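*Asks:* These protein sequence lines are chains A and B, in that order.
First residue of the first sequence: 1, per our numbering; consecutive thereafter.
First residue of the second sequence: 1, per our numbering; consecutive thereafter.
Derived by calculation from the structure, the hints in this document are not laboratory data.
Among the clues, some could well be false.
For identical chains, the list gives no copy identity; a pair is met inside one copy or between any two copies.
Okay, derived cross-link-like pairs now, BS3-like style, lysine-lysine, Cα gap no bigger than 27 Å in a straight line [claimed, not checked]: (1) K147 to K60; (2) K39 to K78; (3) K150 to K78; (4) K39 to K75; (5) K75 to K168; (6) K150 to K133; (7) K105 to K168; (8) K134 to K39; (9) K105 to K147; (10) K147 to K39.
This structure is a prediction, so every number in the text was calculated from the model and none was measured.
Residues per chain are reported as follows:
2 protein chains.
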Amino acid sequence: MKRIGLLSLAVVTLAGFVAHMAHASGPSDVDSSPIYGIKIPAGYRNWQLIAVNQLLFAGKGEQLRAQLGNDIAIKAFKQGTLPFPDGAIIAAIHWTRVPSEDNNKVLDGPFPGTQSFVIGSLVNVQFMVKDSKKYAATGGWGFADFKDGKPGDEALHETCFPCHAPAKDRDYVFARYAR
Amino acid sequence: MKRIGLLSLAVVTLAGFVAHMAHASGPSDVDSSPIYGIKIPAGYRNWQLIAVNQLLFAGKGEQLRAQLGNDIAIKAFKQGTLPFPDGAIIAAIHWTRVPSEDNNKVLDGPFPGTQSFVIGSLVNVQFMVKDSKKYAATGGWGFADFKDGKPGDEALHETCFPCHAPAKDRDYVFARYAR
Chain A
1 MKRIGLLSLA VVTLAGFVAH MAHASGPSDV DSSPIYGIKI PAGYRNWQLI AVNQLLFAGK
61 GEQLRAQLGN DIAIKAFKQG TLPFPDGAII AAIHWTRVPS EDNNKVLDGP FPGTQSFVIG
121 SLVNVQFMVK DSKKYAATGG WGFADFKDGK PGDEALHETC FPCHAPAKDR DYVFARYAR
Chain B
1 MKRIGLLSLA VVTLAGFVAH MAHASGPSDV DSSPIYGIKI PAGYRNWQLI AVNQLLFAGK
61 GEQLRAQLGN DIAIKAFKQG TLPFPDGAII AAIHWTRVPS EDNNKVLDGP FPGTQSFVIG
121 SLVNVQFMVK DSKKYAATGG WGFADFKDGK PGDEALHETC FPCHAPAKDR DYVFARYAR
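Extracted from the complex, chain A is given alone in its bound form (with noise of 0.2 Å):
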């Protein structure tokens, strides 16, 4: 019993380092997107709204999104501040697409056939965090994807800047804000 017990406490003793030598290595921190490190920042999802878009994978689902800002970001959006300050934050929040066969039948009345799709469950969420010197060699931006919680793997997010390059003249960014 008495070596058993040392063994639990020998194992339990090891993990808490790992966890500790995981958590102080900063970008391949669990909770942290690799090659950026960057984590979810807290009460994102109170932040103001940017946009809202809708996507169709071709034969791999259908999404609607919505872009919030922190408020360095949603203030650079209004006034147009082209390239973004440094601190700001964008999160791209990603639903699946649903019928709603409620509101369809609501709708009905007034506007015969129509659809109505609302939100499914929650598919992942992006970050965009804008720190000019930091990530100077991805136009200033660190990119993170997360998926219940989780950061999605390097070759994920070697993906990030090269998908973003195109609004290179929007300072990489997608998306306009919504008036």
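Fit chain B to the given chain A structure using the hints.
*Replies:* For chain B alone, kept in the frame of chain A given last:
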């Protein structure tokens, strides 16, 4: 010349008087919704996001929509409080939905055939204002529908409450908070 001058003065004075009366009459105010007397709430575009949805009107256009809430409404949504407390306001912003050729070009690489739709232009903005005493006859909610900053007519506003009646078990609110 003098007679025309006096006549002009009289017309201007009368116009001012009429404008004053309209302003003083509340619900018939040119900036307020008929029946309910609701003006566009200041700063509503900065409110937090409740949810997004999409509507395809049969042969009548396509919309992307977002619902925002003031602090009282958002707190009630997050905590599941029903009925919504007095002071809660929900804003529904409706935009046209248009395809984004720019986005499609970018997405066609990693996701061939993907279709992206973004916001075109603002169509209208609607508000639900909770005041259980003032609006007791309509489930405690006052309604307002604005297009280009001007409220719709009385006939339009007579359709609001009957249309929301099917959502009675959720205090007449269709939107669900998107997590």
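*Asks:* At most 27 Å between C-alpha atoms: does K134 with K39 qualify within a copy, between copies, both, or neither?
*Replies:* Within one copy only: 15 Å inside, 46 Å across.
*Asks:* When Cα atoms must be at most 27 Å apart, do K39 and K78 count as within-copy, between-copy, both, or neither?
*Replies:* Both. Shortest intra-copy (26 Å) and inter-copy (23 Å) distances satisfy the 27 Å Cα cut-off.
*Asks:* Within a copy, between copies, both or neither: which one fits K75 and K168 at a CA-CA cutoff of 27 Å?
*Replies:* For K75 and K168, only the intra-copy Cα distance (20 Å) is at most 27 Å; the inter-copy one is 38 Å.
*Asks:* Between copies, within a copy, both or neither: which fits K39 and K75 at Cα up to 27 Å?
*Replies:* Both: 23 Å inside a chain and 25 Å across chains, each within 27 Å.
*Asks:* First find the shortest C-alpha distance between K150 and K78 inside one copy, then the shortest across copies, and answer within, between, both or neither for a cut-off of 27 Å.
*Replies:* between (31 Å within a copy, 23 Å between copies)
*Asks:* Please sort K105 with K147 into within, between, both or neither, judging by C-alpha distance up to 27 Å.
*Replies:* between (33 Å within a copy, 25 Å between copies)
*Asks:* Is it within, between, both or neither when you check K147 against K39 at 27 Å Cα-Cα?
*Replies:* within (12 Å within a copy, 41 Å between copies)
*Asks:* Please work out whether the CA atoms of K105 and K168 approach to 27 Å or closer within one copy, between two copies, in both situations, or in neither?
*Replies:* between (44 Å within a copy, 15 Å between copies)
*Asks:* Regarding K147 and K60, is the shortest C-alpha distance of 27 Å or less found within a copy, between copies, in both, or in neither?
*Replies:* Result: close within a single copy only, 17 Å intra versus 36 Å inter.
*Asks:* With identical chains, the pair K150 and K133 could be close in the same copy or across copies; at 27 Å between alpha carbons, which is it: within, between, both, or neither?
*Replies:* within (26 Å within a copy, 47 Å between copies)
Checked against the numbered hints given earlier, this structure breaks none of them.
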